[in-house]
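Spelled out, the chains give:
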Amino acid sequence: QVQKILRERFCHRYATGKLFGIERQYRHLLELLKRTTVHGESNSALIIGPRGSGKTALLNHVLKELTEMKQVRDNLLEENCQFFMKNRFLSGLLQTNDKVALKEITRQLHLENVVGDKVFGSFAENLAFLLEALRKGDRTSSCPVLFVLDEFDLFVHHKNQTLLYNLFDISQSAQTPVTVIGLTCRQGILELLEKRVKSRFSHRQIYLMNSFDFKQYIRIFKEQLSLPAEFPDESFAQKWHNNVQYLSEDKTVKDMLQNLFHYTKDLRSLHLLLMLAVSNVTVHHPLITASDLHEASKQIRMDSKANIVHGLSVLEICLIIAMKHLNDVYEGEPFNFQMVYNEFQKFIQRKAHCMYNFEKPVVMKAFEHLLQLELVKPIERPSVRAQREYLLMKLLLDNNQIMDALQAYPNCPTDVKQWAASSLSWL
Amino acid sequence: MNTRQQSKIIYSWYGNPMSSDRKLRTFQYKGIIIKSERSRTETCIQLGEFILVEGENADQPFVAQLLDLYEDGAQEKHAVVQWFCHITEIPQNKRKLLKREVSPQEVFFDQVSCYDTDIAAETIIKSVMVIPLHLGEELPISLNKEQTFYVKQSWDGKCFKALSPDTFSKLKEANKKGGGIPNSSNSFIPSDIISPLKKEREKVVPSATKPKNVELQIESKHSASKSSLAKERHSQRVANGIKTPTARKKLQLNSPTRSSKGRILGCEVLELLDDDCDAVTPLEPSATKRKVKFTGILGSPPKIPCGNDKSMFDTAEHWQRFSDTIQLSPYSKVKESDEKAKNLNMEDDTISLIGRRKLGSQSPVLTPRSRRMCAQNTSARIREQISILNTLELNQEEDFLSSSESSYSSSSEEEENDVLCTSEKKTKSSRVFSTPKSSRKSSVHTPAKTLKKTPLPGTPKTPRNATPEIPRRSHAAQKPASILEEARLRLHVSAIPESLPCREEEFQDIYNFVESKLIDGTGGCMYISGVPGTGKTATVHEVIRCLQQAAENDDLPSFQFVEINGMKLTDPHQAYVQILELLTGQKVTATHAAVLLAKLFNTPGPKRKTTVLIVDELDLLWTRKQNVMYNLFDWPTQKHSKLIILAIANTMDLPERMMMNRVASRLGLTRMSFQPYTYKQLQQIISSRLNSMKAFEEDAIQLVSRKVAALSGDARRCLDICRRATEICEFASRKRTPEIVKMAHITEAIDEMFSSPYINAIRNASLHEQIFLKAILAEFRRAGVEEATVQQVYHQHVALCRIEGMQSPTISEIMAVCSRLGACRLLLVESSNKYLHMRVRLNISQDDVMYALKDE
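Top line first, the protein sequences correspond to chains A and B. When we follow my numbering, the leftmost residue of the first sequence carries the number 1, and every step to the right adds one. When we follow my numbering, the leftmost residue of the second sequence carries the number 1, and every step to the right adds one.
Keep in mind that the hints were calculated from the coordinates and are not lab data. Misleading hints may appear alongside valid ones.
[Claimed, not checked] Listed below are the simulated BS3-like cross-link pairs for lysine-lysine, each with C-alpha atoms no more than 25 Å apart in a straight line:
no.	chain 1	residue 1	chain 2	residue 2
1	A	K222	A	K195
2	B	K694	B	K742
3	A	K239	A	K251
4	A	K377	B	K834
5	A	K195	A	K254
6	B	K680	A	K195
7	A	K195	B	K707
8	B	K694	B	K707
9	A	K239	A	K222
10	A	K394	A	K417
11	A	K365	B	K834
12	B	K625	B	K599
13	A	K215	A	K251
14	A	K417	A	K360
15	B	K35	B	K599
16	B	K834	A	K394
17	B	K625	A	K159
18	A	K239	A	K215
19	B	K680	B	K694
20	B	K854	A	K215
21	B	K774	B	K834
22	B	K609	B	K639
23	B	K77	B	K639
24	B	K587	A	K103
[Unchecked claim] Coverage of chain B stretches by chain A, computed from C-beta distances (three or more under 8 Å per stretch; other residues unrestricted):
no.	stretch
25	490-501
26	765-776
27	804-818
28	835-845
Don't be surprised by glycine CBs; every beta carbon is placed ideally from N, CA and C.
All chains should be built: construct the whole structure from the sequences, respecting the hints.
Laid out in structure tokens, this is it:
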């Protein structure tokens, strides 16, 4: 089925299709790595770009092409092709300090002190061992090593930046050829490097900026939805493609995509949207329609907090309205439960609606429910001494959100609505 | 070696001072006793013996021959030695002069003059055997690998020579004399014997002030007690029930009862000796007693008269000797008595071994000559009966005669007596311990001990055989094809240039500093500072390279070179570990390494070369107490350290800013600062690296160097820009003919490296991100504070959207936008759990944002 192929594409983001608008960077990186492998030249580079701009995808593409090139050229020495490129993926999120990172490097390099995927020994020993290992090699004879540091900015915060210093130092000295590639989304990453680490870094920065315009965006949209050529059912593929073409020209779809494009140029959000739409495809409903996409975009754009408000009871809504009024009166100053309760009491007395007249503990319970939903947040930590009623709180909802939510709230009593609109409306 | 173990070793002089030099206030001694309390062993090492001396590396002690022992005015024990060197101590490049394989047991007679032959006596470990061999001879196979060395050639620092016949014979003699000792050195002394022995020594030590004859008495008494002791040891050995040659069977028969009795008797003898130590003729009764008791124990009646005979002779002999010393008799007489003593000892042997048939026929007035013959006869019989080790015994006995004849002819009469005593003792001990069992025991004993002493210090978990190495690449790297590739290769920072241009002055300064210290054999510190990329480390390495070359050409004394880098250490204290490992190859913990290093640098190390230590990135060795830095800079100030430190760091005022006074003062005032390169220097560097290759335009080089000089003066940056420029050039000229790097390429490379990424990032941001930034600016202007909450910005954002006529976003979307900008660090945001009340700040100036947004 279509669904399977497309789902795989969106979920795994495996390197399908082309990269968009980053041909220059692609060539640069390819050249760089080629020189490392072929000439044994050491290098260091940073790939910088916002989230979802395809940094990892770019790198994966380059590596894939590189191995293919090798296979083409070195037909005779096929066996140890994969030995040629040692690929180290280190993620700053996983390797929280140099110690762990170092062990991971050693493990991935399959050095001889690795025992069944485990690395023993102290940090100092490991460092000395690794440095010794890398020092022994020279340009012409050792196998080039590629270090990929994902979330590079987190490595910067390691103590003394020891790992970075050493990696860059190796790349700047006549040792084993290494290429260090850092992936990060922080623009000013170089300012975080220590001066001697910075001096050793080659200052090659490859920027990925998502610098495409809307037309390209539409093209990407089409390409992402298109089926691969080896799809078995020829006629269905044809039909599908026609449909995609039709969709991309549809006015509403275009508007919707435009909107999304305005929010973010991140391709991942597009994937997410398409994913939601594609999951509606069934045997009976074989093609994506504009309404599917609409539905999906609505889902994506939903406001999470406002959604929560929809599920609240009338009493809780009343409390939120009371808080809103307090915010209006005191201009966003924090409040406590007692103030909210007083405000609520006022409303009850004025309207003389016994139906909302709840006991104080009941109101308290409702208030605590709001607290649990994180619609209300205490400013300070609850201490033992302070009574719960007098803890200072802040409302985490905006007025607009409350009003929007009230509009959509089913069976909302009219007087509550009126009260929400204005605290003085009963007069 | 474990320091704890070493601390329990007590060194004391053997015997009294032989001579003293009033002027220098030194006392010379004939031997030294090394006693280890823990293992209860006691070793006596005498002049002329071969010893092991502690080196930097406990696994590989030095071999030397003991020439002199003395105590100086400060009560410190010194020893003068003749060195032998291992093959490992000879520089690599000289080893090939030898043109043959050298076994680890072979040593070379060291004639290098620069080594200090005066060492502290505390560094002596134990005695060994050094056997001289002729050049063609094969090394004999020996059981006792640990303790035997062979010498074939001499080494004078430049070439190898065959041993001169003179030294050869001298060595041979010394070896034979000392031959018996190593066995005794490791033997066990029963605990109950130690106490009287100690007492006795206590008496010996104060006796230095007593008149001569008393000295003599005590000494001879000492030897007597020694001999009884030795006998007793022997009996113990036998009691242990190991198979001994048939000749000893008689002893063996009695041994079970004797061993215990003998011990007690031995004690008695000693006590008696203690009692009448003031008597003028204490030797007579004591010697008699000893003999009588000994024979008595044996329990064979015919032995008693013989024993009496013996003792009579003994006393007579002793009297003669005594009179000799008093009368200051000529040498020949002393020699005579010497020989007599020898023969007596031999007889002692034979009595216990093969009965006294022969002796019984001998009259007490035998001439020395015939006595000797008789001794030889008896020993020949022994040889017949004992199949394994007699030859050695015989040789030893003969050697004793020759050695005492030749080597002591010039010494004073006091010495003569000493020789007598010692040789006597030696014969006893050698006799006692020439049983196969004891030799085996000692040989087994030592390796066991050393094994225990040197446990693998590294973590045992890591496989020891792990060799740090990256897998080899499957085929060789390509050679650069085009001129640009060639240029790029040369411009790589890692490429080692033939020379370091523009740092000649600094080079010369450092070189002179280190050279002068090397020649003087002293220590010192130098502090080198400069911003990154100004060639500090490169220059220092170049200096070391030159010095090493000079040392190879024998222009300078050779030295050891050690380098540590603060950045490559996980912890400042790891510096000790690394230095020690580089110096000696030991792997220990940080604290232990500190102790060992301190010991190494503080004690007058014999034969130690000067060490040149480079400490890169010094500032990272900073600790709160600064003890690492303190120690590092304290060592060179020690008298014997021979340590030269070159400390490198970035900041010029590091000593003032970071270091405590006491550390800074030890660092001294020898400083040097590397100025950032000027554009002319950078230009020169690039040109020299390119080495007249036509890859760059002149103007292009100038542009790079001016640009970099204006920014930082960092040579690395300069080279990186040039390399990038060649890439760009190559890329641009792919379609056309290859060209050289022009100004345009350089400009592009510089722009690429130094352009601010922020503005570009803002321009490429999505529409709502841009609006959000605008909203922030608007909010800042409204509130007048450079900080706002998301809620406030949100209201502005919605307002802006209304103006633009766009659909206003929801809070969730705004939050997403905000966090994206925060991830790029265009904004500084708080942690997101505050939701609407999260505070936002700009990470770049408002003007930059305005500029970036306006262009649209």
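Each hint tested on the structure:
no. : hint            : result
1   : A:K222 - A:K195 : violated, 47 Å
2   : B:K694 - B:K742 : holds, 12 Å
3   : A:K239 - A:K251 : holds, 20 Å
4   : A:K377 - B:K834 : holds, 8 Å
5   : A:K195 - A:K254 : violated, 49 Å
6   : B:K680 - A:K195 : holds, 24 Å
7   : A:K195 - B:K707 : holds, 18 Å
8   : B:K694 - B:K707 : holds, 21 Å
9   : A:K239 - A:K222 : holds, 14 Å
10  : A:K394 - A:K417 : holds, 22 Å
11  : A:K365 - B:K834 : holds, 23 Å
12  : B:K625 - B:K599 : holds, 21 Å
13  : A:K215 - A:K251 : holds, 14 Å
14  : A:K417 - A:K360 : holds, 23 Å
15  : B:K35 - B:K599  : holds, 21 Å
16  : B:K834 - A:K394 : holds, 10 Å
17  : B:K625 - A:K159 : holds, 19 Å
18  : A:K239 - A:K215 : holds, 23 Å
19  : B:K680 - B:K694 : holds, 19 Å
20  : B:K854 - A:K215 : holds, 23 Å
21  : B:K774 - B:K834 : holds, 22 Å
22  : B:K609 - B:K639 : holds, 14 Å
23  : B:K77 - B:K639  : holds, 17 Å
24  : B:K587 - A:K103 : holds, 20 Å
25  : 490-501         : holds (count 5)
26  : 765-776         : holds (count 5)
27  : 804-818         : holds (count 9)
28  : 835-845         : holds (count 4)
In this structure, the earlier hints numbered 1, 5 are contradicted, and the remaining ones agree with it.
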